[in-house]
Structures are given as C-alpha cells and as structure tokens.
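Peer 1: Sequence:
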Amino acid sequence: MNFLTLLGLKSKNADTRRETVESLADAQDPAVLPNLYPLLLRDEVAEVRKTAAKAIASFRDFESVPVLCDALKDKDPAVRIAVLNGLIKVNDKTITRFVVPLLQDRDLGVQNKAANVLQHFRWTPATQEEEAISLVAAGRFAEAASLGAAAVEPLSVLLDSPSESVRQTGIEVLSTISDSRVWKTIGQGLKDESPNIRITAIEALRRVRDVRVFELLVTALNDVEERIRCVAAEALGYFGQRALEPLINMLKDVSPDVRREASGALQQIDPAWRQSPQAKAILQELGTEAGDIISSFNEEISPLAGSSNLPSLQMVDSVPEFVTDHDEDATLKPLIAELQNGDPTVRFKAARDLGKTGNAGACSALERALEDAVPPVRRAAAEALAALPWVPSDPSLLTVQAILLQKWEDIVHLGSQAVEPLIKALSQFDSLSQKHAAKALGEIGDVRATEPLLVALDSVDMGVRKAAVEALARIGDPRAFEGLMRARSDGSKPVRDAADLGLKELGASDL
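Take the sequence shown: its letters are residues 1 to 511, numbered as in our numbering.
These aren't lab readings, by the way, just hints derived from the structure by calculation. Mixed in with the good hints, there may be bad ones.
With a cut-off of at most 30 Å between alpha-carbon atoms, the simulated DSSO-like pairs for lysine-lysine come out as follows [as the list claims (entries may be wrong)]:
{"no.": "1", "residue 1": "K349", "residue 2": "K407"}
{"no.": "2", "residue 1": "K504", "residue 2": "K75"}
{"no.": "3", "residue 1": "K504", "residue 2": "K73"}
{"no.": "4", "residue 1": "K356", "residue 2": "K333"}
{"no.": "5", "residue 1": "K54", "residue 2": "K10"}
{"no.": "6", "residue 1": "K54", "residue 2": "K73"}
{"no.": "7", "residue 1": "K191", "residue 2": "K93"}
{"no.": "8", "residue 1": "K93", "residue 2": "K504"}
{"no.": "9", "residue 1": "K89", "residue 2": "K54"}
{"no.": "10", "residue 1": "K356", "residue 2": "K407"}
{"no.": "11", "residue 1": "K424", "residue 2": "K493"}
{"no.": "12", "residue 1": "K407", "residue 2": "K191"}
{"no.": "13", "residue 1": "K10", "residue 2": "K89"}
{"no.": "14", "residue 1": "K407", "residue 2": "K75"}
{"no.": "15", "residue 1": "K424", "residue 2": "K349"}
{"no.": "16", "residue 1": "K10", "residue 2": "K73"}
{"no.": "17", "residue 1": "K252", "residue 2": "K280"}
{"no.": "18", "residue 1": "K252", "residue 2": "K93"}
{"no.": "19", "residue 1": "K191", "residue 2": "K356"}
{"no.": "20", "residue 1": "K10", "residue 2": "K75"}
{"no.": "21", "residue 1": "K504", "residue 2": "K12"}
{"no.": "22", "residue 1": "K75", "residue 2": "K93"}
{"no.": "23", "residue 1": "K424", "residue 2": "K407"}
{"no.": "24", "residue 1": "K54", "residue 2": "K12"}
{"no.": "25", "residue 1": "K54", "residue 2": "K349"}
{"no.": "26", "residue 1": "K75", "residue 2": "K54"}
{"no.": "27", "residue 1": "K12", "residue 2": "K75"}
{"no.": "28", "residue 1": "K356", "residue 2": "K54"}
{"no.": "29", "residue 1": "K349", "residue 2": "K89"}
{"no.": "30", "residue 1": "K504", "residue 2": "K89"}
{"no.": "31", "residue 1": "K191", "residue 2": "K75"}
{"no.": "32", "residue 1": "K504", "residue 2": "K424"}
{"no.": "33", "residue 1": "K54", "residue 2": "K504"}
{"no.": "34", "residue 1": "K349", "residue 2": "K333"}
{"no.": "35", "residue 1": "K333", "residue 2": "K280"}
Label pairs and their calculated CB-CB ranges [unchecked claim]:
{"no.": "36", "residue 1": "D92", "residue 2": "E215", "range": "47 to 55 Å"}
{"no.": "37", "residue 1": "F481", "residue 2": "A27", "range": "16 to 24 Å"}
{"no.": "38", "residue 1": "K349", "residue 2": "A149", "range": "45 to 53 Å"}
{"no.": "39", "residue 1": "A27", "residue 2": "D92", "range": "21 to 29 Å"}
Glycine is no exception: its CB is placed at the ideal position from the N, C-alpha and C atoms.
With these hints in hand, go ahead and build the complete structure from the sequences.
Peer 2: This is how it looks when you write it as structure tokens:
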C-alpha cells in the first residue's frame, strides 16, 4: 500500500477515509486488511466503520472473522447490520455463536438481520425459548405466540419498540397466549404515550376476565383522553356486578359521551342498576342531564330488547378466559352498506365517517375496504382504522395499512411479517409506493423478496428499478446476480451505477 493511500486512511476528513476504504476494497489486495481493521473497530464516524465492514467482508478472508465478530458490539445499529451482511459473505458457520445474542439486540433491524444470518447458516434453536426469540427477531410474531408460554418474554420486548405499529402488534399477539404473565405486560400499554396503543391494551384486557385485569381497567377510567375513558367504560360492562360502583361514578364524568357509555355498560350488567342508593344520589345530582343520557341509550338499544345475544358474564379470580365482542352496532349498518356502493365517492365518504364513530364494530368492513379498487377509498379505510380501537384479524393487515398511510419506517420494524404485503405493493400500487416497498424489502432482508424484486427491474419507472437493484444487493441472495448484471445495461445511469455497486457487494470483482 502506497504512502498516499496510508495518508488517506489517517485523514482527518471522514469522507476521505471512507473513499480510501472503498478504493482498497475495489483493488482486492488482501495485504491491506490489517490497515482496515482499526477503521472498523475504532473510527469515530459510523459511516466509515460501516464502509470498512463492507470492505473487509468483500475479501472473504476467514482470518478477518474474529475482527468482524468483535465489531458486532458496535454502538451504531447500521454498522452492526453491515457486519452481519459481511459475515454472510465470509460464509464461516462458526460465527453463529456470536450472532445468536443479537436476536435480542435493542434494535429491531439488527434482530431481523441476525435472524436472517442464522437462517442462512441453518442454525437450529436449542430450546423452545430460543426458538421463540428467533421467531420474534424474524418478525414472525404470530408463529412465536403459537409456542405459548415460551414466547411471553420475547414478545413482551415489542412493547418497548419506538414503532407504534410494533407495540400494537405486540399487545395483539400476546393477548392470544393463555399465561398469567400476559395481563401484566399488556397492562403496561395503558401507560403508553399513544392513545391508539392504550385503546388496543384495553380491548385486549377486556377479553381476559381476571380480577387483577378489572383493577387495571378501572384505572383507565381516569385517562386524560375522552375516547379512552369511553372504551374503558364499555369494557367494564363485561365484568359483572363488580364494575357497578366505578361505572356509576363515571356518570359524573365531564364528558357526556363517557357518561352515556357508562350508562350503557351499567344497563348491560344490571337493568335495575338505577335503584341502588349510590346511583340514585348521582342521578339526582345530575338531574335532567342524566335522564337525557339514559333515554338516549335506551332508544339506541331498543331493537335489541329481549335478545339472547347479549353476553352475560361472571367474574373469575385467576384463570384467563376469552369472550366474544359486542354484536355490531345497528347504527353502523347504513355506513357499512355504503362501502359496497358503486360510486367511489360514496365509499370514500362512508369510510371516513366510519372512522369518526369510534366504534370497533366498523373494523371488519373497513378491513375489506383496504382492498378497494380505488386508491383514495383504500387510504380512507386505513385512516379510519387508525382512528378506531382496531385489533387486526390478520397481522399482515397492519402492513397493508402502513403502506397506504406511507409509514415505511414502521413497516420495516414489522420484519418478515411485512414481506408478503410489500411484495403485493410492488405490482399493485403507484410507482412511489413501489419504490418505497422495494427499499423496505431490502432493509428487511428476506430472500422471499428476491424474485419479485427481479421482476421490478423491468419497471418503467427509473426510481423503482434503482430501488429494486439496491434492495437485491442488500438482501445478498446469489439468485440476484444475473438480474444485477442485466441492470448494468439499463438506460439510466443511476440504475447502472447502483448495479455496479450491488455486484461488488455480492462479491463480483472483475467489473
């Protein structure tokens, strides 16, 4: 290595150091490796360390494995991901013991990449707990939940994610596990900064008829958000006589909607609730306003009078048990019917109006509207679901919603469960969404995306082709080689440049 190159590696300018590392990687002289190691392990700029990781891995030298493994401790998640990509290229199976701890990395992107690396090397979990950790890291949350108790702690970590979508998914999948620890973890969601997460937690807790869960729901009656107090009051209607006292007290809430919801829950528990001394005192204090609230509620439920479909529940002391939702509110039916109207303007307005109802009974119809043929209707449905206490019937619908709302960072955090909806977006959405979908697939790094991304190389949109090239390079599937070679002849220079860079990352040296 000449003197000028050595000066470049020691330059005070980070861009100079990075460019020098790239030039050494292009030259592919193994003798320079010892000079690259300090940059990977100690350079103060993350982008330089990341470039060094890629450069060192491009040599595919087994002697560099200990250095790369040491760099897995880097404080920057982008560097850790670059190192993991590099370890795949070096192809040394002995590295799995260094990668396994990263399945529980503080960054979900690193977790997901670690899971992909271990899958590449056909690593097998030693215990059911380890299997659950691996599935969570791979974004296969529902599969992890199917393992039962072993998955509770790994899934609980999702509630600490910076992504609202991931926290919501964590609550939803945890609620499917029958384990005494679950309610405590879901209860943390009642303190979440996002009102949507707090509502999701209430909906999940409502399905567990446990004395301790009841106490958590009572605390939710003090939430600063009016709509959350409404949901909490409605949920307490499933807890029988024990809920009468807190619900009667809610008749004094400052919000008429909360008082009305509490009245409805009380009516469900005991039609004679108004005869208790406590209720009489509060109703007398509220005067005519209380009468208006009760009359309004009675008019609304009169079509259901005498129905045997309303659930009658008994409290239990410890064992979690699941119950069904309320029957769909009759007031929603006209709006739900309009979602089938032949006029897309009518469907669009119906979706928007359903989101304003605050009624979870609209969710199933809005889920179907996510597949509407008209894009504005699909987006209106996605926005409406975001405003409701929605528990998706299929976890993949969270990805569909996030695509429609352009929440691409949240999608990447969802990991492997987002792959199939993103693949669909590559062919069925507008070019901007296709470009973002390709980028997200590259960041997730799942090899299932290879074939669809190869197809995307023929897109009429240059941005989509370039994003597909970059994603294929990032995934690192050998099947992408021919497609990237073809992309070197693309009519657009940015695509050709991306293809050249991608081929180098895949190990091609003679370009």
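Peer 1: For each hint, tell me whether it holds in the structure or not.
Peer 2: Verification of the supplied hints:
1. K349 <-> K407: holds (23 Å)
2. K504 <-> K75: Holds. K504 to K75 sits at ~26 Å (cutoff 30 Å).
3. K504 <-> K73: The given pair, whose Cα atoms are some 25 Å apart, holds under the 30 Å limit.
4. K356 <-> K333: holds (14 Å)
5. K54 <-> K10: The given pair, whose Cα atoms are some 19 Å apart, holds under the 30 Å limit.
6. K54 <-> K73: holds (16 Å)
7. K191 <-> K93: Not OK: K191 and K93 at ~43 Å, beyond 30 Å, violated.
8. K93 <-> K504: Holds, at roughly 22 Å.
9. K89 <-> K54: Distance ~10 Å between K89 and K54 Cα, so the pair holds.
10. K356 <-> K407: holds (21 Å)
11. K424 <-> K493: Roughly 27 Å separates the two Cα atoms, so the pair holds.
12. K407 <-> K191: Answer holds: K407 to K191 is near 23 Å, not above 30 Å.
13. K10 <-> K89: Judged against 30 Å, a Cα distance of about 27 Å means the pair holds.
14. K407 <-> K75: Holds, at roughly 26 Å.
15. K424 <-> K349: holds (26 Å)
16. K10 <-> K73: holds (23 Å)
17. K252 <-> K280: Measuring from Cα to Cα gives roughly 12 Å; hence the hint holds.
18. K252 <-> K93: It is violated: about 66 Å lies between the C-alpha atoms, which goes past 30 Å.
19. K191 <-> K356: holds (24 Å)
20. K10 <-> K75: holds (22 Å)
21. K504 <-> K12: holds (27 Å)
22. K75 <-> K93: holds (24 Å)
23. K424 <-> K407: holds (16 Å)
24. K54 <-> K12: holds (21 Å)
25. K54 <-> K349: Judged against 30 Å, a Cα distance of about 51 Å means the pair is violated.
26. K75 <-> K54: Distance of about 17 Å is within 30 Å: holds.
27. K12 <-> K75: Given that 30 Å is the threshold and the Cα spacing comes to 21 Å, the pair holds.
28. K356 <-> K54: violated (50 Å)
29. K349 <-> K89: violated (52 Å)
30. K504 <-> K89: Roughly 11 Å between the alpha carbons, so the hint for K504 and K89 holds.
31. K191 <-> K75: holds (29 Å)
32. K504 <-> K424: holds (29 Å)
33. K54 <-> K504: holds (10 Å)
34. K349 <-> K333: holds (14 Å)
35. K333 <-> K280: violated (35 Å)
36. D92 <-> E215: 47 to 55 Å: With Cβ atoms ~53 Å apart, the hint holds.
37. F481 <-> A27: 16 to 24 Å: holds (22 Å)
38. K349 <-> A149: 45 to 53 Å: 47 Å Cβ-Cβ, so the 45 to 53 Å window holds.
39. A27 <-> D92: 21 to 29 Å: holds (23 Å)
In this structure, the hints that do not hold are numbers 7, 18, 25, 28, 29, 35, in rising order.
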